[in-house]
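*Asks:* One letter stands for each residue in the lines below.
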Amino acid sequence: MAINSVLDLVPKPLNPVRRLRVLGRFVRKQFTKPGTAPGTIVHTGVRKVEKVRVSTFDFDEMTCTELKDVEDIESLFDLRDSPTVTWVNIDGLHDTALIEKLGVHYGFHPLVLEDVVHVGQRPKLEEHEGYLYIVLSQLEWEGDQHMVVEDQVSLILGPNYVFSFQEQAGDDFESVRERIRQAKGKVRKQSADYLAYMLIDATVDNYFVILERLGEITEQIELELLEDPLPTTIQRLHQIKRELLVVRRAIWPLRDVLSGLNRGDSPLISESTRVYFRDVHDHAVQVLDTAETLRDVVGGMVEVYLAQVSIKTNETMKVLTMMASVFIPLTFIVGVYGMNFEFMPELHASWGYPAVWAVMIGVTAGILLWFRRQRWL
Amino acid sequence: MAINSVLDLVPKPLNPVRRLRVLGRFVRKQFTKPGTAPGTIVHTGVRKVEKVRVSTFDFDEMTCTELKDVEDIESLFDLRDSPTVTWVNIDGLHDTALIEKLGVHYGFHPLVLEDVVHVGQRPKLEEHEGYLYIVLSQLEWEGDQHMVVEDQVSLILGPNYVFSFQEQAGDDFESVRERIRQAKGKVRKQSADYLAYMLIDATVDNYFVILERLGEITEQIELELLEDPLPTTIQRLHQIKRELLVVRRAIWPLRDVLSGLNRGDSPLISESTRVYFRDVHDHAVQVLDTAETLRDVVGGMVEVYLAQVSIKTNETMKVLTMMASVFIPLTFIVGVYGMNFEFMPELHASWGYPAVWAVMIGVTAGILLWFRRQRWL
Amino acid sequence: MAINSVLDLVPKPLNPVRRLRVLGRFVRKQFTKPGTAPGTIVHTGVRKVEKVRVSTFDFDEMTCTELKDVEDIESLFDLRDSPTVTWVNIDGLHDTALIEKLGVHYGFHPLVLEDVVHVGQRPKLEEHEGYLYIVLSQLEWEGDQHMVVEDQVSLILGPNYVFSFQEQAGDDFESVRERIRQAKGKVRKQSADYLAYMLIDATVDNYFVILERLGEITEQIELELLEDPLPTTIQRLHQIKRELLVVRRAIWPLRDVLSGLNRGDSPLISESTRVYFRDVHDHAVQVLDTAETLRDVVGGMVEVYLAQVSIKTNETMKVLTMMASVFIPLTFIVGVYGMNFEFMPELHASWGYPAVWAVMIGVTAGILLWFRRQRWL
Amino acid sequence: MAINSVLDLVPKPLNPVRRLRVLGRFVRKQFTKPGTAPGTIVHTGVRKVEKVRVSTFDFDEMTCTELKDVEDIESLFDLRDSPTVTWVNIDGLHDTALIEKLGVHYGFHPLVLEDVVHVGQRPKLEEHEGYLYIVLSQLEWEGDQHMVVEDQVSLILGPNYVFSFQEQAGDDFESVRERIRQAKGKVRKQSADYLAYMLIDATVDNYFVILERLGEITEQIELELLEDPLPTTIQRLHQIKRELLVVRRAIWPLRDVLSGLNRGDSPLISESTRVYFRDVHDHAVQVLDTAETLRDVVGGMVEVYLAQVSIKTNETMKVLTMMASVFIPLTFIVGVYGMNFEFMPELHASWGYPAVWAVMIGVTAGILLWFRRQRWL
Amino acid sequence: MAINSVLDLVPKPLNPVRRLRVLGRFVRKQFTKPGTAPGTIVHTGVRKVEKVRVSTFDFDEMTCTELKDVEDIESLFDLRDSPTVTWVNIDGLHDTALIEKLGVHYGFHPLVLEDVVHVGQRPKLEEHEGYLYIVLSQLEWEGDQHMVVEDQVSLILGPNYVFSFQEQAGDDFESVRERIRQAKGKVRKQSADYLAYMLIDATVDNYFVILERLGEITEQIELELLEDPLPTTIQRLHQIKRELLVVRRAIWPLRDVLSGLNRGDSPLISESTRVYFRDVHDHAVQVLDTAETLRDVVGGMVEVYLAQVSIKTNETMKVLTMMASVFIPLTFIVGVYGMNFEFMPELHASWGYPAVWAVMIGVTAGILLWFRRQRWL
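Chain order of the listed sequences is A, B, C, D and E. Everything in the first sequence is counted per our numbering, starting at 138 for the first residue and increasing by one. Everything in the second sequence is counted per our numbering, starting at 138 for the first residue and increasing by one. Everything in the third sequence is counted per our numbering, starting at 138 for the first residue and increasing by one. Everything in the fourth sequence is counted per our numbering, starting at 138 for the first residue and increasing by one. Everything in the fifth sequence is counted per our numbering, starting at 138 for the first residue and increasing by one.
Keep in mind that the hints were calculated from the coordinates and are not lab data. Each hint should be verified, as a subset may be incorrect.
When chains are identical, the list treats them as one kind, so a pair holds in a single copy or across two.
[Stated by the list, open to error] DSSO-like, lysine-lysine: derived pairs with alpha carbons at most 27 Å apart:
#  : residue 1 : residue 2
1  : K323      : K455
2  : K323      : K449
3  : K185      : K205
4  : K326      : K449
5  : K321      : K455
6  : K323      : K238
7  : K238      : K455
8  : K321      : K238
9  : K321      : K449
10 : K326      : K455
11 : K238      : K326
12 : K188      : K205
All values derive from a computational prediction rather than experimental measurement.
Can you build the whole structure from these sequences, using the hints too?
*Replies:* So, in structure tokens, the structure goes:
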């Protein structure tokens, strides 16, 4: 994801087939088949990982147990009633049986489980009896394709547990894991709501990376626009606009989610954690603000581009007009003395030829002078 | 409704007469004659089915009676007071006598009956004494005409019955029927409000199909736009924009209907069903969101199109300018030596002809060099 | 107002003087002179009828008295205190003395009377002690001028009377009169609020007629746009946009009026009538919705038009460029052999002339081939 | 301010220096120097009158005393406690000492006095202990410059007095003075709040004059646009748009002021006066509505203008293309027979010359026919 | 920051590299690294000053102690509990240890300290137990680069102290210092909330300076646009639009901050100070209003620019068309008599040559006449 060189920022000329895939994002194929019974747990997205991987943390201020690649999901069932904070992270959503088993044990509503595997949801917050269900969008910058990719992350926050469901193992949550392991910050001293906050915060923090990348590309395009706009510049402007649409779609509903967590009265979120949710809400608003400003800037660049194309056409016209205006009259003059009339006195005068040249030079000078006065030259 | 091939996605060149019919949708001819007394039950739409068909389900957890093609509407009157859940579905709205008879027996307000047969209503929710009246839009993708067609569906939800009125027998509700027959899911265990939810959910689920289709066509147009924009591309962009307007018109007011069902305090909707209405509300918001995003994308494509037309004009101009700039000076030069002056020393020199060629080659080279410097070549 | 033929739909080429009058509508000359004392009853509109005509209905379920062309306004004063429902309709507003006499007897606020004769008000609802004052816009389609004309209608609703003031005798209310005479529907059984509802409903119903007409013209323009856009097409698009602005201006504030009547707590409106006001509110929203959709469609047509003009310019350019590209080189070639050099060996060879033709045919073929490759041919 | 002739409506070609002054209005130079202590009373506007003039009315239903050019401001101090209604009008704001003296005696907040002399405020309403402070914009149509000029008017409404501060003596208030003098209308029978209403009403009434003037100019430009758009038409459209911005800026915040006066619960405004404030609020909304509609119309005219420029370019191109298409081939043909080959059989045939003419006429006819088929002719 | 001459207002032609830096402002690089623990105090901006400088004021109505360049931060700790008003100003944010020490002593929330050093925050107001945290944007006009630069200012308002944190020592606060020193105005008599007000007021006052500068540049560009639009004019319009975006981004959220301070119920803000916050809120709204109006004006100028480019292209076309239309037919005519047919009777007639001239003059006159009728000449 690092930028190796400035050149790396410049997307290759658009491969139409790839573009199509990009557009496909906007119409999330969310359903298996219209008419499926509500609450049916059917995974709808692309299978992004080979194998579903379950990993858990179970910790309090003193102890911390980490399990990777839990094979037997039922071994986690005891954690529901333990006083420690439990974080179960599931990467990959196609093993619906596993998710259903979990859901039944923890008493999640079938619609919640349906939404967990039904990727392409808008970010939302649902309060249920005993737990909160939160849907987020994880944005990833796909370096070689210069596009933003969206993954669904679901969080279920209970009194002493957090479940997180990801389409694939992203590295957004790695920093949280590290802090739990090393007991850095306050995470080990707080309860589950703080853990949920940290996961959301890690997700939102990543939006800044995306925006920075989009901002850099916008700068590249602007440089190109000012120096030498190409026919493909307008396509790149179109592309960046669409990536900004993806970002906006992810963040716009997120604001409501976060202000719900901040202002809501759920007993699952303690007073001291609320201030953190307010903080992450401010970040989301800031990202949105920046994305909207970038859209305004890009919109202005489209106008500049259109103006420049018109100016260029005008320049081309001027070249043609000057060429034609200078040489067409001259061609006429020489044509006159190419006529074969018997009685053309000029033709027989020895001063005829030089005189014609003098006239032609005079005409040319006059025309050029006129163009200079028009400031075409 | 299946897509047979990619080619099938490409609408034929626009048949203007058909287009007109498309536009006609926006101005729904809703009234028979201004000045008709309110509460007059007059069917206003096109008669889309030959014969009105009435079919019923009457079920509880144990039993389920299905009747197709009920001839005698009065045979259904007893069901009003039975404890079982009754679903009466009526396809075709032109038999206003039948509908009025039903309405009188069940005590529906004359304005409700008027709206049922008065197709072209905006989606809305009306709370009446003892029942709820819900108007929805059913969207259908008409494959060969590449357009979205709108049908009005009315639902009347009472304590133990649901009436549904359709302009024609669509297949949106078929999946619901199947689930009732097979006692799949929770439908047989729940009361009438859950049945109403299922019907609304089936309708909203179908919007995703429409959007997916529109998304595919948008992708086709974008491909065309990037590879080789045609004069008709702008017309197709215009067309897709209009289909998106149809979708928006159907869903925008639906959101309010669904949030009314979710948040309202009607005793007809039980607490446990409310969560399902919230779910279908989320779906509607998501459809709307996607439709708006598609409109933004299509709007951007119009800009790209306009820019490309300008660029093409510029290219055409350059070809002309270069042609003219190269040959007009040459024509002038040869014109000079076509003059018939007696005293033109060059004409009599043996080096004259080759020298002119040399000059002409030089001039041409100079001009071409200048164009290369301007990066026209 | 009937459409005699399709041709009738096409407005004649714009007569600028008429256009001006159309624009004049937007700046309603509402005041006589700034600085007139508030509450001064001065008629401000154009005098649209020769003579003010007063007509009344006085009815209850059993009896119904209709008076046309009441000469002596004072004969109506007793009706104020009779238990029957009284409807006084006044066509023409320039007899301010008559209106003032009425107002004093019934105790209307001077500002109300001022607004009644001060045409050009926005639709509004004012609650006064003992009566409601409602301002509406009546829209009329002026067939031969293809424009929407706006008239002000004022309604004053008291406990047992309705006053209606019209600028001229429209036929919107005729259907209401007919229903009272024939005791059709519920009007004779209800009190004055239902009568007011019927008058408003008749007005709103007429908006659908206007919109249908505008929709038809839009379709005509679209047909023209697709088949062969003319220079006047843009002017017609501009015109239709403006007519839609007139419609929007009439309906936008009307929504608030109607939702005020529906939700308000005025004792003058009974509970059973409220549902009717909700119904007419729904109609107004639907008209507004349709008008906005039409504006979106027309806005898109402007874009299509601009694109088509650009495409046409491009086509023209291509014709010129091809003509020039083919013949300018040929003209150069023949110019070469028109030179009068003594030593031009080709001129004296017998193969010279055919060879030049061969070269010219070759050059032409090459150029045409190049254009075909560019897909200009 | 009268329109002498139609020609008078047409602004002269834009004088750039004047334009600049026009733009300068948008950035009101509101501050003397950033960092001045709050509550410092420093006049910031242009000194629009030579000498500050103070004039007063002191009246009740029976008596009325008018003083013009009050020299000694302290002579007015007694009026504060008299039961009569007092109106003190001050034209010119640069005598800050006078205003401060007044303010101290009447107990106005320093920030109020600062705002009075600090011209360029947005219209606003401030409730203070014992008085209301109202800022309005007075719009003036400057006839010879065809622009809208904005003056600040401050009103301070106390229990029995009204202060009005104007930048210069406008004639908006003259009609109010006349009515007080002649005891016309209700003004002499009412208390100070009604006087304040009359002053505001006089100001708002004047907006209609401005809009009417702008409407007339818009009509002139539209006429010009339809008949023969000039290069300066776009500049005039730009100018009218900006004048509409000035109007909107004055009225938009005024609405809130007036609805505050209408709905607020200040004891300074009696119940019976509130209905008058509602009336003037309706007028303000109507002015705003009209200004917005005019902007929409002007926006549409810009589109029409751009389309017409494109159409004109296309027409120009067609002329060129037809000229070139007809004569370039002919020039080629005559060039062919201008060649000097020895062996050109046609040259020696007696039918050669007429045959060439026949060919040329044929070619020309063919080309013209083609153009007619393309409907260029 | 003074304007030396009119020329100084004209930005130099755009240096693309500088432009890029300008754009960079929109994507504030707010984070060090995603995944940093919340509450970590890491400075994120550019280090704008060499050395962090701490200066304090400690005053009441009688006494006033000013300290510049406080080296030992702990010496300030006693002031927390003293009854005097304390103002601690810190210029430069990179000494996070110092800020953390302060924060711990005064009991500020870690997130507050994080935001203080984490520059690029949106303006916001946070109520905490015992203090208010306010973030503002300070705008600076960078004269030689013609751009608006944004600095973050944080204020912490406690019962008897104000902390202000600036990225660098601006001169916005100098006037406040001067007034404290000289006991001018009310500042020494009021408590800390009034001091906070004065700091905010000084910041907002400075926005007027920025806007005035932007207004002047807009006027310059408009002058250029009307007299002679250059290809760079569109770029300058784009640039001014972006600077206005920066201003809007700073002020839009500020409005909410100020209305929060005005309406909120924090015990830290006394009733008498609230009116001052209302005043500064009005100023902020006015700045925003002006910025939006300027954007509208600039948006209109872009339209004018595009129209002018089109008009210019049209003019160029006309020159070309007239040149070609006059000379191409003449060239054809002379070409006819350059043909070498043996049998061309005209060639041998003595009237031939003058007759051709007569024909050519006639043709030219005809063409010019036609152009005059088309009003091209």
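*Asks:* Run through the hints listed earlier and report the numbers of any the structure violates, in increasing order.
*Replies:* Numbers 1, 2, 4, 5, 7, 9, 10 - these are the hints that the structure violates, sorted from lowest upward.
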